[in-house]
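Enquirer: Position chain B against the provided structure of chain A, taking the given hints into account.
Protein chains in written order, with UniProt numbering: chain A, 1 to 346; chain B, 1 to 300.
In case anyone wonders, no lab produced these hints; they're calculated from the structure.
Values in this document were obtained by computation on a predicted structure and should not be read as measured data.
Ideal placement from N, C-alpha and C gives every residue a C-beta, glycine not left out.
Label pairs and their calculated CB-CB ranges:
1. A:168 x B:187: 34 to 44 angstroms
2. A:25 x B:206: 26 to 36 angstroms
3. B:206 x A:219: 37 to 47 angstroms
4. A:118 x B:193: 22 to 32 angstroms
5. A:135 x B:187: 22 to 32 angstroms
6. A:169 x B:112: 40 to 50 angstroms
7. A:108 x B:193: 28 to 38 angstroms
Heads up, incomplete: computed chain A residues facing chain B, CB under 7 angstroms, no partners named:
8. 52
9. 54
10. 87
11. 100
12. 104
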Amino acid sequence: MAQVTLSRITKRYPGSETAAVDDVSLTIPKGSFTTLLGPSGCGKSSTLRIVAGLSRPDYGVLQMDGRDITHLSAARRNIGMVFQSLALFPHMTVAENVAFGLEMRGIGRSERETKVARALDIVELGHLAARHPHQLSGGQQQRVALARALVVEPSILILDEPFSALDRKLRETMQIELYRITRDLGITAMFVTHDQEEALTLSDSIVVMNQGRIEQQGTPREIYGAPRTRFTAEFMGLSNFLPARCNNRALSFEGLTTEMPAAFEAEGNCTVALRPEGLSLSSTRPEGAALKGHLAEAIYQGASTSYTLDLPSGRRITARTTDCGLLPGQEAWIAWTPEALHAFAA
Amino acid sequence: MALTDTAPAPRAAPAPRKPVSPAWLTLPGLCFLVFVLLLPVGWLMALSLKPSMPGAFTMEGDWTIANYLRFFSQPFYYSTLIKTLWVSALTTGITAVLGYALALIIWTASPAKRGWIVLIVLSPLLVSIVARTYGWMIMLGDRGILNQALLALGVIEEPIQIMYTSAAVIVGLVHVFVPFMALCVLTSLEKIDPKVPEAAMTFGASRWAVLRRILLPLTVPGLASGLTIVFSLAISSYVTPALMGGPRSGMLTTFIYQQFAVTLDWRFGAVLVTLLLALTLVVLTSILALAARMTATWSK
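Isolated chain A (complex conformation) (with noise of 0.2 angstroms):
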C-alpha cells in the first residue's frame, strides 16, 4: 500500500481548446478509499489513466510514498486496475487471467498457484478457476477482474467505472463486496464513478471534478452534507435553488431574511438551495422561518410524496415529504430543517 500525490497535474489533448485536466492536486492517503465524482467529460478519467501510467500529463509531478512516477511506465508502477469494460483476457482461464500480473512480476509457479488460489477465495470464485470468461456472469467476470487487480498487492488498486455496466441489483451488491474486501485489506483504492451514491456509498474521501478542476474534495458527509458549490451541490440530488444576498451573516431570499449557515461565509449576492427532502408543508403558519406557496401538484410516491409549490415570485420549488394531506390549489407554507438550507457564492 502507497500513499499517491498529484501535484499540478494537467493534460491537454491535441486538438482541444481546454484542459481535460486542469492543475489538479490531490493526495490519496494510504489506505484510503478515494472516488473521483463528476459527469462525463469532466477528466475524472483522464485523470486516473495519467495515475495508471496510460497516459502522460503535460505538467505537473506524480508522486508514489514521495517517489516521482510521473514517467515510470504503467508495467512498472505496481499498480492494479479494473477497467470500466473489464478487458479480461479472452483466451486465458479464470486462474491464468489472475496469475498473469504474477507472471508478469517473475513469480514462480508454486508461489504463484497459492496466491491465485487465495485471491480467487477472496472474491468466491474458486470453483470456476478453470473456465474462461465468456462462460461466466457479468457479476462473475467482475470479480475476476478484481481478483486479478488484487492478487499483485498493488500499491494502489484503480477502478474505472466497474460497476457501470451491470444491474442495479448486482452493482449493490458488487458495492457492498468491494467495500468489504478493500477495507478488509487496507488497499490504498483510486475509484471513478459518475454515479453520487456509489461514491457515497463506497468512499473514505470524495474528490468532484467539473470541467477537468478539483470542485471539492472532502468525506461523504462533507459532500453530501455541505455542498460548497452550486455544482457540488446539484451533482448530490440538490434542488430548489433560488437567488439570495447576503449582509453581515443574515440572508435575504423570496422576501424573507433569516440567519445564514453557520460554515457559509459570503457577501453580496449568493445562491440558496433547499434539500427537498428536508422540507414540510402545513397549512398553518408555522414557528421560525417559513415560505408560502401555492400548492400546484402532489404526486404520491409511497414512502413519500412530492409536492410542487409555485412562491409569489413565480419559482417553484419540489418538496419531498410525508403524505401531510394537503391538496393541489390550496396554500402551505414551506418550513425546513437547519441542514436542508445551503448557500453558496453567486
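Expert: Same frame as chain A, but now just chain B:
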C-alpha cells in the same frame, strides 16, 4: 410417405409447412462451381493417369501411374516441388512478419492517419502485375538501382545477382501479398477491446509480452486466414516467378506452363497440377486445423 402404420393426421390442424432450408440458396453457386471448377479439375486429374504422350489431349489409353513414378524418380522433377514449397513458405513467412507489423501500425494509428496508411498499403494492388514486376526488375537488375547504389557506396565490388533468383521472386511476391496479410490480421485486431492490451501493461507486461501473450494468441484467426490466402496465392503465382525468376525459376507453375504450352504434354502437366493442388490442400488444412485447435477453448 409410409401410410400403413401411421395414424391419420387430424384434418382440423394441417401439419405446419416444413420451412425450406436456406442451404438451397447455395444451389446456383454450387452448380457454377461444379461445372467450371470441379469437372475440369477432375478431368485433368483423370488425364494424369493416362500414359504421357505429347499432343494427346483426350482420355484414350490405359490407366497408369507411370507419370507419377516418372515425377518422383527424377530429381529434376521433384526438386521443383521442394523448391516451390520452400519459396512459398518463405514468402508466406516474410509476408506474415511484415503484414503483422503493418496491421499493428494501422491499428494503433489515429483515425485520420489510418485511411492514408491503408491506401498506401493497398497501392501495390492498384498497379498491373506486369508493370509492377518490371518495376522490380529495374530496381533489382544487375545494372539496377539497388546494385548501382551499393556500388556507388562501395559496399560491393561488382554487381550481385538478384534478378532471376529465388530472392527476386520472393521480393516480388511479398510486395503484393503484404496487404492481404495486413488486412486479415487487422480484422482480428479490431475485435480486441483496446483496453485488453492496456490491462496487460498495467499488470507489468512489456510491449513484447503484450504482443506474445495477448495480441498474437487473439489474432490467430486473422493470422490463419492471412497465411492460407498468402500461401495459396504464392504457390500458384505464375507471372512473378516467370518474369523475375527467369525461364528456369524452378517453380511448379512455370513448369506446368511449359508442359501445357510448349511441350504440349498435357498428361504429364496434369500430374504437376494434381500435385500442386494436393500440396496446397495439405498445407491449408494443416494451418486451419492448427488455428482451430489453438482457439477452440475461447473463441465462440
